[in-house]
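Trainee: Put the complex together from the two separate chains, hints included.
Line order of the protein sequences matches chains A and B. Note that numbering that gives the first Met the number 0 has the first sequence beginning at 0, numbered continuously upward. Note that numbering that gives the first Met the number 0 has the second sequence beginning at 0, numbered continuously upward.
Since the hints were made in silico from the structure, they are not lab data. Keep in mind that this is a model prediction, so the values were computed, not measured. Check the hints yourself; a few may be wrong.
Ranges of calculated distance between the beta carbons of each label pair, as one might list FRET restraints [stated by the list, open to error]: (1) B:Asp73 to A:Asn202: 55 to 63 angstroms; (2) B:Ile70 to A:Lys238: 39 to 47 angstroms; (3) A:Arg239 to B:Lys55: 45 to 53 angstroms; (4) B:Gly37 to A:Glu235: 26 to 34 angstroms; (5) B:Asp95 to A:Lys276: 16 to 24 angstroms.
All C-beta atoms, glycine included, are put in the ideal place defined by N, C-alpha and C.
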Amino acid sequence: MDAEAPAIQRRVSRKSVAFTDEKLVVDADGNVTMVPSPNDDSKDTAMSHTPRTPPLSAALGAFTDASQAPVADSADGATAPVDGSLDLTLKKKKKKVVKKDDEAEEGDEAAAPAGGEDAIDLSMKKKKKKKVTKEDDEFAKKLEALNLEGKEGEEAPAAISAEDGAQEGDMEKGTGIWAHDESKSINYVPLLSRFFVLLTQKNPDHASSGTRSYKIPPPQCLREGNKKTIFANIAEICKRMKRSDEHVTAYLFAELGTSGSVDGARRLVIKGRFQQKQIENVLRTYIIEYVTCKTCRSPNTDLSKGENRLYFITCNSCGSRRSVQAIKTGFSAQVGKRRKMQQG
Amino acid sequence: MSIENLKTYDPFAEADEEGGQTVQTQEYIHIRIQQRNGRKTLTTVQGIPPKFDLKKILKVVKKEFACNGTIISDEDSKGMGEVIQLQGDQRTKIKDFLTNEDEGLALDEKTIKVHGF
Numbered sequence: 000m001d002a003e004a005p006a007i008q009r010r011v012s013r014k015s016v017a018f019t020d021e022k023l024v025v026d027a028d029g030n031v032t033m034v035p036s037p038n039d040d041s042k043d044t045a046m047s048h049t050p051r052t053p054p055l056s057a058a059l060g061a062f063t064d065a066s067q068a069p070v071a072d073s074a075d076g077a078t079a080p081v082d083g084s085l086d087l088t089l090k091k092k093k094k095k096v097v098k099k100d101d102e103a104e105e106g107d108e109a110a111a112p113a114g115g116e117d118a119i120d121l122s123m124k125k126k127k128k129k130k131v132t133k134e135d136d137e138f139a140k141k142l143e144a145l146n147l148e149g150k151e152g153e154e155a156p157a158a159i160s161a162e163d164g165a166q167e168g169d170m171e172k173g174t175g176i177w178a179h180d181e182s183k184s185i186n187y188v189p190l191l192s193r194f195f196v197l198l199t200q201k202n203p204d205h206a207s208s209g210t211r212s213y214k215i216p217p218p219q220c221l222r223e224g225n226k227k228t229i230f231a232n233i234a235e236i237c238k239r240m241k242r243s244d245e246h247v248t249a250y251l252f253a254e255l256g257t258s259g260s261v262d263g264a265r266r267l268v269i270k271g272r273f274q275q276k277q278i279e280n281v282l283r284t285y286i287i288e289y290v291t292c293k294t295c296r297s298p299n300t301d302l303s304k305g306e307n308r309l310y311f312i313t314c315n316s317c318g319s320r321r322s323v324q325a326i327k328t329g330f331s332a333q334v335g336k337r338r339k340m341q342q343g
Numbered sequence: 000m001s002i003e004n005l006k007t008y009d010p011f012a013e014a015d016e017e018g019g020q021t022v023q024t025q026e027y028i029h030i031r032i033q034q035r036n037g038r039k040t041l042t043t044v045q046g047i048p049p050k051f052d053l054k055k056i057l058k059v060v061k062k063e064f065a066c067n068g069t070i071i072s073d074e075d076s077k078g079m080g081e082v083i084q085l086q087g088d089q090r091t092k093i094k095d096f097l098t099n100e101d102e103g104l105a106l107d108e109k110t111i112k113v114h115g116f
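Excised from the complex, chain B in its bound form (with noise of 0.2 angstroms):
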């Protein structure tokens, strides 16, 4: 005879694993738009996963949403890693890039967060 509560968990692995898990959820992508003089506005994607090509996806975005746009790099964001900066208010847009499973890279809606009015 056994006990299944003590048989099946590990402790220290789960928590290591779940501590791992709940660092990549909490990795939000943040998505924000910012006011420019006049009506121009950019929007800046910060914290893509560092699996994917930031200038690819540039390339890409750039190309469909017909806005220019800039990578801009760690030391320019002040150790907000890697972020892209698009021209004009590309917020539901960019989302919908990140979000579509065929066209985009197919990340989860949740771990999106859409700042600003």
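Just chain A, with the same shape it has in the complex (with noise of 0.2 angstroms):
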């Protein structure tokens, strides 16, 4: 069960703002991540995917160690591939013993209320694991050949399946907990993996565009001499954003206790040297304060100037608005040779 945790946080932080190439995943509230690669295509089982929750992969790893010599035995005789197209036969099998397994722990249960739950982790997961081991390869695949085309909705359904894998039964074919005469009351958390199962099945666009982390191409960095810094696609972002340069330029000027000048490309040159890196945290808390819906956290807003001078933010999927601080540059000491000169 706790294994499951861990997955769940993952799937709520990937809401989130991310630059493109970096893989790097902000949330709203800043929290940093490191996504490994959100958007390889290349995984094609849930196996592949479950490094992404160490408790749960290391329990199937060891589980699957275990399953795979018995299949590998009647492959022998049997002459059939080891991995994927798994003999019905021996799922059978599996699945009977589950069954019992299920009787007995009713009877553990009723024995032990309180510490019922942690009985049937325990008692099960030999059996369990192995069975769901393969079932959910099956079903990844399935669910994976329903998502191929939305790249993004293509790892919540996997990473949901590798959560399944701690329950008992398959909820498509109806087994276990899931069986239609079945009177246990099934957890909270298969069926909030059972929720977001048939979501994604049933309505993949809204799925997809609940988890998907909103992306703006990085920014790209030149220096202009020793002390300038050329942030060369701006406007391309901006138009990204749906903000104004200039907004965004006064942003980046108050944040970074700067100033510069646009130049003939329409690219920025900021004085003084920054990093690519610098420049894109400033974006975040940009996109974090000025673009995502609070409400909804929609990147689809509009910023406009409301009556008595205030600035809003509109939302253009829920419809909320709310309004936003002004830039304001706050103090800035003078440096350099200019403040000789003013004082003189």
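Mentor: Structure follows, in structure tokens:
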């Protein structure tokens, strides 16, 4: 059970701001997480996804070894491929064993109502995990066949099915806890994962929009001379964020405590040396502050000047409207030779 | 029988109090960084509540961070209030100092805004 907690958290934290190349993901609170490769389509099974949830994957890995061995034995006779299409006879057997276990479990549960859930996990784990891992594979494949076109939606179902792995029974086939005449109450976590599986199946559009991280092209920084930085693709980024260049520029200057100008090719020339990473951080805070909707976290918002000089963000997807702080430069110390000139 | 809503809620008194509170919470402490020549930087701290003595803070901070610093007076900072200016990038250190309850000012972290890259 506790193996699923990180998986769920990951899913939540994916709602975020990311730079397409970097795979650095920041959620609205500003937490930075490194996502290995969100858009990797090469993965085709749940097994290859599971490393994202270390405890579960460790458990699965430990058990696949055990399950692979008997399969290989039987495969010698049947000449069946080891991994994908496991022979059905084995599965049937497994299921029967599982059922028996179930009954034994219920006895156990009656005996120890307080620690009932733990007891289920402990005694069932061996049999269950074996069965689940291969069903998981098929399940994930099915899901991915459904969701191949939406490359961001692709990841979520796999994670969910991996989560499902710790549960007993297959939802689609109606076995285990999902059986029609099963009277045992289903835990919250499997119910929740069922909801998300169904959501991604029936309504992939909706689910993917919820988990998509907001991506903008990474800022391109060039050095002009020794003391100036050129932010080359500011126009592109502003277009992507649907904000005016001036607004973004003002924010950048205020945050970096510097000044600059726009050159002929609409590139921004910033005084001072700045790394791409530093510009990225500032853009990230800008997006959190001025682009994403605080209510639904959608980046599909408009910034407009309302009455009495206040800026308002209007969200196009949920319709909420909130005022945002005007950009304030604050105190900036005079640096360099100008200071003497001013005083003298 | 009384209507509870009307009984407990005095609109004007509440509004006054709330107004005072929001003004206080809106007064953020801004920690900024500024680039100087080369890899040198300045850290400025703006908006420390007036109940603290900036001179004493500066004395402690200078010793602790092993950096020099100065207080920019209100007129020099062009109406931004008194500002502590420290040499080098002391943003995380000064934030820790401001929020530290034992050796610092024990301020709320929410009132502090760190700017810059």
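Trainee: None of the hints should be skipped; say for each whether it holds.
Mentor: How the hints compare with the structure:
| no. | hint | result |
| --- | --- | --- |
| 1 | B:Asp73 to A:Asn202: 55 to 63 angstroms | holds, 59 angstroms |
| 2 | B:Ile70 to A:Lys238: 39 to 47 angstroms | holds, 44 angstroms |
| 3 | A:Arg239 to B:Lys55: 45 to 53 angstroms | holds, 48 angstroms |
| 4 | B:Gly37 to A:Glu235: 26 to 34 angstroms | holds, 31 angstroms |
| 5 | B:Asp95 to A:Lys276: 16 to 24 angstroms | holds, 23 angstroms |
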